[in-house]
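Residue-level listing of the chains:
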Amino acid sequence: MAERVYIIPLWLRLWHWTNATLMILLMASGFSLHFSDPGLPLIRFDIARTIHNVSGIALTVLYVAYLVWNTVSGNWRQYVPAADELISGLNAQNAYVASGIFKGAPPPTVPTPGKKFNVLQQATYLLVMYVAMPFLIVTGIAFFFPEWAPERLFGMDGLLPLAVAHYVIGFLLTLFLLGHIYMGTMGTTAAAGFKMMITGWHDDHPGHAGQPPDRTGTPPTPSANGGKRA
Amino acid sequence: MQTSVRLLAAVGLMVLIGGGTAVAQTATKVEPAELERIRRSNAQCLDCHSEAGLQALTRPDVDKADLADRLVDPELFLKSNHANVECVACHVTGFKEFPHAEATKQQINNCDECHTRTFLRIEDQFAKSVHAKTAEARPGSFTCVTCHDPHVFLKASHFSTTRQAVRQDNAMCLQCHASGERFAQLSKDPLPDLQKIHAWLPNTPLHWAAVRCVECHTPVPQSILSHEILAAERAEKNCVACHSANSTLRVRLYRHLVEEERETVGFINSVILNEAYVIGATRNRYLDLAFGLVAAVVVGGIALHGLARIVAGIRRRRRNG
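Residue numbers (the numbering used here), protein chains in the order written: chain H, 13 to 242; chain S, 10 to 330.
Everything labelled a hint here was simulated from the structure, so no lab data went into it. Each hint should be verified, as a subset may be incorrect.
Said to hold, decoys possible - Here are the computed lysine to aspartate or glutamate pairs in the DMTMM-like style, where the Cα-Cα straight-line distance is at most 20 Å: (1) S:Lys205 to H:Asp49; (2) S:Lys246 to H:Asp58; (3) S:Lys73 to S:Glu106; (4) S:Lys246 to H:Asp49; (5) S:Lys164 to S:Glu106.
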């Protein structure tokens, strides 16, 4: 029997897809600016620059809004892995990716309103949203105000280390995006994760491969998701 | 002072004078004794033709107002390309005595007396320059010293940082292009608003501080900066001319530094890495290579994992009938 659970509130879905769109625009334009080649332009330099600047500002505004929403709604708690579950959770997730998924085993955890992310997701998203993103934004903003950047840094032109940091973080986030999209296919079905991010509802298939999914999540918190079930 | 220098040089260009001293190519190799003699000779001129000299001057037969227009900054002069050149090498006849001989007072050596080879190279370039029209419209109005003040000018390659070279060279353009009065002396056109006509250029103040006007307003040279100054409609507007791995800044602004670096380090990118940051041009090829490899491994890994899942799924379905 399939059970539908409302997991992702509208604001989170809107934020997620706007964020995703901006990140893709930033990656394409950033790639084009970094590897600018007169003979082989992905996006023409001046256009890429405008796209990158506008998307960068929009992303910054959206990130601040996200921080506020995430704090006020209590959704931030979803990002913090429980210390006692960290190792076992990561092991279970790794075992699933390395072997379970090929045998048709169900995912070790399925999203519940109280615990939307598995431990691997928690650890990754925490790093991405609270470590990488602030660095990306600060180094990006430095390019709007190059006169504020240090004249010299590590014996080089002050902007260069900031540019390298921006590039490194941008690259790591691009890798994250690739992994994130692929991991999205590793839910109860290949499309389940994507459907959930669009509708907000998670389609649960308890009979999948004959094993009930592990429900280790904490009880739903009304402030984070409204606690709706269907 | 600059106006009078320009007038002097303008007349000088019209009056052909022989007997110039070929010092341009040997200016940096002056023997100590000869240098001492030049410095002493120049000190005599600077006794009057400097701010300090003017202040200390007590001679009643000197027109101080006129002299105030003919001053040289000794400090800047000693840092300039002409630091080792005797004043009378250019200001040839009638300047050794005071009062200076009236009839020959304005006789001044042409720049090409010494810079002969340079002139052979730049004559054609200048003829195609937007400034050539100005020179034609008002003969004698536009000469070398209109841009290059011989008492101050220092070649870009002699500055210790590119920023200093940029500051000096852009100031040369701004003498006229930021002054309605000076612009009107040479051109009938109204002075264009530099901010407005460069509004298309992102981060305009940063560009102006980091690169010279001539980086865009001259054609790309093979080896040396051209004297063919391009008007706005022909100037470089293609961002990737500079913002790419094959940045033209390498053959212009960074040319001398790059040459030096190439000899010592052999890594062409490192000079720009140390001197400035240019989006698209300043990047580390090893980092790019490493990231390319990592990205390929990740994409390949995802593709393999995905393929294995599909194959495993097909097998499972077959097994289960």
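### Query
Hints broken by the structure, by number, lowest first?
1, 5
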